[in-house]
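*Asks:* Here is what each chain is made of, one letter per residue.
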Amino acid sequence: MSTPTHDPHPEDRRTPGTGSANPGTDPADPTSPGSDPAGQGPASARDSADAPGAVDADEPPAGGSFARYFLRKLGGAATSMILVIVLGFFAFRMLPGDPVLKIAKERPMSPAQIAELRSQYGLDKPVIVQFWDYLVGIVTGDLGESYVYRKSVSALIGEYLGPTLLLTGTAAVIAIVLGLWLGQISAWRRNSLFDKLASSTSLIFWSVPTFWLGLILLMIFGGTLQWLPTGGMITPGLDPWSFAGIIDVITHLILPVVSLVAVVYAQFLMIMRASLLEEMNEDYLTTARAKGLTEDEVRRKHAVPNALLPTVTVVFLHIGGLIAGAVTVEAVFSWPGLGKLTFEAIRGPDLPLLQGTFVVFSAIIIVMNLAADIVYRFLDPRVRRA
Amino acid sequence: MSADTPAEAGPGSPSNGPGPRGSGPRGAAPRGANPAVDGAKLVRERRLNNAKKNWALFRSDVPALIGAVVLLFFVVIAVAAPLIAPATMLDVTKQLDVPRYAPPSLDHPLGTDDLGREMWVRILWGARVSILVGVAATVMSMVIGTIMGLAAGHFTGLFGGIIMRLIDFFIVLPSLLLAIVLSSVLERGVFTIVVAIGLTSWASTARIVRSQTLSVESRLYIERARILGAGHRHILFRHLLPAVMPLVLANTTLTVGGAIIAESTLSFLGLGDTSKESWGTILKNSMDVSAATSGYWWYVLTPGIAILLVVLAFTMVGRAFEAIINPALRSR
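Taken in order, these protein sequences are the chains called B and P. According to our numbering, the residues represented by the first sequence are 1 to 386, in order. According to our numbering, the residues represented by the second sequence are 1001 to 1332, in order.
Since the hints were made in silico from the structure, they are not lab data. We put the beta carbon where it would ideally sit given N, CA and C, even for glycine. It is possible that some hints are incorrect.
[Said to hold, decoys possible] Here are some of the chain B residues that sit facing chain P, going by a computed Cβ distance under 10 Å: (1) Ala77; (2) Ala155; (3) Leu317.
Please model the entire structure based on the sequences and the hints provided.
*Replies:* As structure tokens, then:
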């Protein structure tokens, strides 16, 4: 599986954009970005500027204003969201069979009680009506009631959303900065000791489950050394907005963030490395050197900005993986976020809650991708001018 | 590639019958059985030479060789688990006199767990499920990915567009999230885990297959086949499939690692088959007894290292395959 989280394919990453920048409006277009894996294919010849930057192959070079581009991306995101919502309904309402019968199996219930539960969950209505109720519920923010917490799912999610955003946001920023920075050094000094070390470390981090790394960190720094707290977000009783409270939250944040970063930065490193390697043989670098720029300047001012372009999209695509990783990391560190909520919903099993977290997680990821497409448009002048 | 030709050379076209045979790719030569030139022999020789060359390439890749040895080791212990350590060694009721949480020592090479079971026995048995699920889920994901990728690359218009959207959807959403959903609503079991991982992780394969399909589609020999009256089925299975297969196979080895990690994650979340040992289940048990914070380091360390070794081994072997198939990568 290449779980997006675990995508061992450095060269597959030379195809930035196939994922989100190519919404498939024109699947026949053979100028699909750089991913012609064997490097052959007359097709790519058509794409005169087939540097990885020119990813949006199905973008007509002239024509299509920003509004049109935006609307198309928005349409794509909306389609994905509709798919999520439909999937959410069928996975949780249709596949598991009758939830009431399951509950009834666990504790003795009279037929009258069963019938009452049924009408309480709306299960006595025809499927199409249930689907409609579900749609109305989603639009109005009503995701049903959790079996376990006996609370409204949307209220629960609202309560747990903040910590997750804090955790994944911090981890994302650190992982991106670290990964891109190490990746460009790695590529620039290809085959040096640094490159080998960085590449093999990232390979090792790539090869372990996120939660295991979390367990190891927990064991060393929480268990043996007792330097850092082993779980939760804040010591009970502290005011999170006081100075001591903020420091306390940061100490709680360190271990989960490090486990998330360790697994994800490696991918960013590999993407950045591959993308910069792609640029390194370009003529404009020779020109820059001929102008008398130092190696450092050539890298910083010429190569890296170009290599960053294709990286951005792929990085945003991997944010989804970060969020998936948060589920297990939050479970390991009892971080009171959506991941922990998901973990508890699985234990329940608390299907309405699981459905809610699934829809919300997916929505976050889809929005992030839309953001990536829009940011990309602004970053790449070639796409912008088009 | 000209998008509209398939319509003219549709499956219903009368010339379809003889077409395929006549326009067969060069790979089909041995079936020609022409007695004058021994084509079959030539092809056999060429294949043998290729295999020799590829083996030499693989052999020169030391990490890949090590990876292959590690894999072989784990496959052997997985297959031979019942012989090396009979299932009774996992039976909790037979371990009453074994110390709990015994640290690794000569008597207990990898230590024991909270119920007195030997860690090495659990790792041995866990290898069966972990590797089996990894491989089975990968095969499933490859089959789906190849079909979807071929379809997205070959068919144009609405059908191709819909498939592209679907691929995009699965690329954007992390497969772990979808796998959690699937495995939590279906009956618990090893098969469910395989299905959950296989059904949700095919998108990146589909993307690779699609781009390869697009590049092959634009070659002249496809055009030629089409002009000679080849239909969709012929082009898909005789030309495109063989062309994307090597890529898919290399990708398979790389993907198994991800599938093994996904299995361990699902089992860790309690979505696996609790009655069967798997490395993820062991890690789940270790967390249930807070082994990490109680100092039972061997309980946490050993299953993770097993996962790390196997995933690394698959990745190393996969990279070597990939380098053989795609010479452009070798310089990296």
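*Asks:* So, for every hint listed, does it hold in this structure?
*Replies:* Tested hints:
no., hint, verdict
1, Ala77, "holds (9 Å)"
2, Ala155, "violated (22 Å)"
3, Leu317, "holds (7 Å)"
Hint check: a violation occurs at hint 2 only; the rest are consistent with the structure.
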